[in-house]
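**Q** Sequence:
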Amino acid sequence: MPVVTVLQGPRDIEKKRDLVARITDAFVEAYELPAETVQVWIQETPAESWSAAGKLIADS
2 MPVVTVLQGP RDIEKKRDLV ARITDAFVEA YELPAETVQV WIQETPAESW
52 SAAGKLIADS
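Everything in the sequence shown is counted per this note's numbering, starting at 2 for the first residue and increasing by one.
These are calculated hints, taken from the structure and not from any lab test. Owing to the predicted nature of the structure, the values given are computational and were not obtained by experimental measurement. Check each hint, because a few of them may be wrong.
Said to hold, decoys possible - Listed next, with one range per pair, are the computed distances between beta-carbon atoms:
1. 30 <-> 60: 35 to 43 Å
2. 20 <-> 47: 16 to 24 Å
3. 14 <-> 55: 14 to 22 Å
4. 51 <-> 31: 26 to 34 Å
5. 15 <-> 53: 34 to 42 Å
6. 59 <-> 19: 35 to 43 Å
7. 58 <-> 35: 30 to 38 Å
8. 31 <-> 9: 19 to 27 Å
9. 59 <-> 34: 35 to 43 Å
10. 33 <-> 55: 41 to 49 Å
11. 22 <-> 57: 36 to 44 Å
12. 45 <-> 3: 18 to 26 Å
13. 55 <-> 8: 12 to 20 Å
14. 19 <-> 55: 28 to 36 Å
Cβ atoms here follow ideal geometry from the backbone N, Cα and C, with glycine treated the same way.
All chains should be modelled from the sequences, with the hints used to inform the complete structure.
**A** Structural data, given as structure tokens:
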């Protein structure tokens, strides 16, 4: 059973629904698995708790 973890900033629920459906479909197609076996975990990190290039995303 594949478990996919997505680390990202906050997104609205419609975008998350679309993302998990696409990820699931990709695993079903690539590995010929039943969709029921694919798990997708979304971890959202607020902009003040995430940085890139030495700067907080909140400051960008």
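**Q** Give me the numbers of the hints this structure contradicts, sorted from smallest to largest.
**A** 3, 5, 6 and 11
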